[in-house]
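*Asks:* If you want the building blocks of each chain, they are given just below.
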Amino acid sequence: MGNSVWNHCLSRLEGEIPEQQLNTWIRPLQAVEEDERLRLLAPNRFVMDWVRDHFLERIQSLLEDAQGHREVVLEIGSQASAPPPARGGSRTRGPAKSNGAAHAPATSNINPKFTFDTFVEGKSNQLARAACSQVGENPGAAYNPLFLYGGVGLGKTHLIHAVGNLILRNRPGARVLYLHSERFVGDMVRALQHNAINEFKRHYRGADALLIDDIQFFARKERSQEEFFHTFNALLEGQQQVVLTCDRYPKEVEGLEERLKSRFGWGLTVAIEPPELETRVAILMSKASQDGVELPNEVAFFIAKRIWSNIRELEGALRRVVANAQFTGQPITLDFTKEALKDLLALQDKLVTVENIQKTVSEYYKIRVTDLLSKRRSRSITRPRQVAMSLAKELTSHSLPEIGDSFGGRDHTTVLHACRKVQELRDTDSRVNEDYANLLRTLTT
Amino acid sequence: MGPSSPEPVQLPLGIRWEDAASLASFHPAGNARALAAVERLLAGEETCVYLHGPGGTGKSHLLQAAARAGSERGDPVAYLPLSERASLRPEILEGMERLDLLALDDLHCIAADAAWEEALFHAFNRMRDAGTALLLSAADRPDAVGLVLPDLVSRLQWGLRERLRPMDDDDKLAALRHRARLRGLELPAEAGAYLLRRQPRDMDSLFRLLDVLDRAALAEQRRLTIPFLRRVLAAD
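Sequences listed follow chains A and B, in order. Counting with the working numbering, you get residues 421 to 865 for the letters of the first sequence. Counting with the working numbering, you get residues 196 to 431 for the letters of the second sequence.
Hints listed in this document are in silico derivations from the structure and should not be mistaken for laboratory results. You may find that some hints are simply not true.
[What the hints assert, rightly or not] Ranges between beta-carbon positions, derived for each pair:
no.: 1; chain 1: B; residue 1: Gly250; chain 2: A; residue 2: Glu456; range: 42 to 52 Å
no.: 2; chain 1: B; residue 1: Asp365; chain 2: A; residue 2: Phe756; range: 20 to 30 Å
no.: 3; chain 1: B; residue 1: Pro345; chain 2: A; residue 2: Lys681; range: 42 to 52 Å
no.: 4; chain 1: A; residue 1: Gln659; chain 2: B; residue 2: Ala227; range: 50 to 60 Å
no.: 5; chain 1: A; residue 1: Lys681; chain 2: B; residue 2: Ser400; range: 55 to 65 Å
no.: 6; chain 1: B; residue 1: Asp397; chain 2: A; residue 2: Val425; range: 37 to 47 Å
no.: 7; chain 1: A; residue 1: Ser798; chain 2: B; residue 2: Ala227; range: 52 to 62 Å
no.: 8; chain 1: A; residue 1: Thr862; chain 2: B; residue 2: Ala429; range: 55 to 65 Å
no.: 9; chain 1: A; residue 1: Thr862; chain 2: B; residue 2: Gly250; range: 24 to 34 Å
no.: 10; chain 1: B; residue 1: Pro345; chain 2: A; residue 2: Glu775; range: 49 to 59 Å
no.: 11; chain 1: B; residue 1: Arg284; chain 2: A; residue 2: Ala550; range: 19 to 29 Å
no.: 12; chain 1: A; residue 1: Gln480; chain 2: B; residue 2: Ser400; range: 50 to 60 Å
no.: 13; chain 1: B; residue 1: Pro383; chain 2: A; residue 2: Lys779; range: 53 to 63 Å
[Said to hold, decoys possible] Simulated coverage check for chain A against chain B, where a stretch passes if three residues somewhere in it have a Cβ under 8 Å from a Cβ of chain B:
no.: 14; segment: 442-452
no.: 15; segment: 741-750
[Claimed, not checked] Listed next, the stretches of chain A that the computed footprint assigns to chain B, with coverage defined by at least 3 CB atoms under 8 Å from CB atoms of chain B:
no.: 16; segment: 464-470
no.: 17; segment: 568-576
For each residue, glycine too, the CB sits at the ideal point set by N, CA and C.
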């Protein structure tokens with residue numbers, strides 16, 4: 421980077437301005453040296469205004485000292501497609517940062533890494549995956565719109581990108597737009613400001629497939645909803661595919677217009693559930709192998725048993741184990757993993773014991789713990805008992821015989837049967853599923 | 196930071212800046228893994244690092260050091276102290292994906308503020324798409340600092356997390372002597388121990404004290420002996 425003048429200026433400022441202010445206001449600036457002037461690019465208006473009000477005069481006078489009179493221009497932006505600077509230990513970067521990125525409407529933005537091949541399938545996401553793959557094969561024809569919903573960190577974004585990648589693989593020239601709902605709002609606001617609403621409309625309505633993530637952030641943004649409503653209608657009419665994700669069932673999003681909610685239901689609405697233990701293990705194994713890390717099975721089970729709520733946290737735990745292994749040069753064993761995740765798991769370990777599960781489940785179903793451990797076989801007791809056993813398998817690392825033992829000396833096959841039964845009921849009976857989810861939440865947070 | 200214009204500070208001759216927060220001036224003590232995490236981030240091996248722990252464990256130091264290290268190799272970087280939230284607005288997160296590194300200090304200060312949380316959530320998504328490295332610090336884990344936006348919490352759980360531990364007195368003494376050495380000062384062990392026995396023992400106060408001692412030693416051309424410390428501290 422040939423910013424000799426700016427570097428000089430920066431080193432002078434280092435001696436004058438407290439380090440913290442330098443880090444907050446001066447170091448984000450990118451300098452472009454031109455013949456007659458120095459352009460300083462700030463990431464946003466807030467930084468630009470602050471620099472102008474507090475530092476610009478001083479910067480100007482430093483430049484005059486160094487170079488004679490020279491104009492300083494302060495603006496918002498970043499260096500457009502700057503050539504990658506040569507530096508030691510090259511960093512792996514995403515798409516090149518360019519000035520245009522923040523102003524031009526969103527372009528494809530499909531992440532090539534999120535494909536169906538890299539998506540780990542399990543009971544919890546089977547349906548969503550199947551729907552996405554059909555839409556990817558037959559965009560505009562299979563289900564339109566396709567609406568995916570589920571809690572945070574369960575793989576919605578991965579699937580929506582996978583749809584985009586599949587469409588692009590089958591039709592390389594297709595116009596597939598992926599964006600976060602915030603981007604749609606931002607683009608629209610800018611279009612209105614710049615009197616370019618027609619370009620905005622053309623851009624979004626000309627897509628072969630429009631994939632929008634996290635549409636719950638449209639809530640209470642009436643003008644955006646209005647614009648989106650028309651975009652949505654135009655796309656559906658033209659048999660162009662729309663795929664949306666949301667953190668909850670469309671009808672439950674507060675601050676979303678009724679007509680939008682009802683249209684979201686015109687195609688297929690499908691849920692993604694938290695992954696069950698086996699899927700969590702598979703996700704860890706897959707992630708580790710992508711990163712070229714050898715992960716013993718027992719380690720994957722150990723992590724997966726303790727972290728169940730979302731995939732990001734699961735990946736975060738794996739990241740920690742891998743980073744610590746590289747730092748210490750030790751192999752990833754069970755003992756090493758326990759040590760590496762000690763802080764992370766301290767809370768969970770303390771709370772989730774079989775006794776705790778029995779107590780919590782009894783309270784939830786308003787029965788006594790002694791009933792749970794007794795030989796009684798009335799339905800009002802067996803169902804909670806099966807749920808408790810299933811939770812014990814999911815949340816503790818006790819073996820099935822141990823779990824059986826702690827439920828009044830039952831056989832491990834009884835535990836196995838309980839787990840299967842509960843899984844079956846969760847698939848068919850939404851009340852059981854809800855009870856189970858509530859208990860999981862209570863026990864782990 | 197405050198709204199007042201920063202007056203160029205007149206520095207006494209000879210005050211050096213080498214001991215400003217840098218990776219070299221971080222005394223790892225029990226927190227070597229946190230330092231390693233920051234180094235991984237700077238080397239591009241991680242995209243998000245989350246440091247947590249009580250005050251005075253060196254989180255701000257590491258964040259500022261990372262910003263400085265990035266800047267020194269020519270990258271645009273920013274350090275935002277969220278404890279100064281009164282003089283900042285969520286809009287400051289706009290366009291941060293244009294930088295190579297963003298360090299956000301004291302995340303817990305914006306917890307439960309809906310506008311800040313949502314702005315950070317969107318900024319996180321944009322930075323992730325753009326490949327901008329993100330370094331965060333907070334008093335506690337992402338799910339325990341009072342954040343209300345689950346989408347934000349889960350994204351923060353994604354990163355490499357390390358907890359910083361408070362230093363014991365031996366570590367503090369070593370850190371203090373290390374920082375003194377970077378200023379070209381020799382702080383004898385017994386003089387350091389003397390300070391630890393008589394002064395507030397949080398690292399911020401100790402480093403500020405070092406600054407006072409440095410100036411006094413320079414002005415009087417004295418070494419940091421216990422009698423000298425006693426006299427300076429009495430006068431201070």
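*Asks:* Which hint numbers doesn't this structure obey?
*Replies:* Of the numbered hints, 3, 10, 11 and 12 do not hold.
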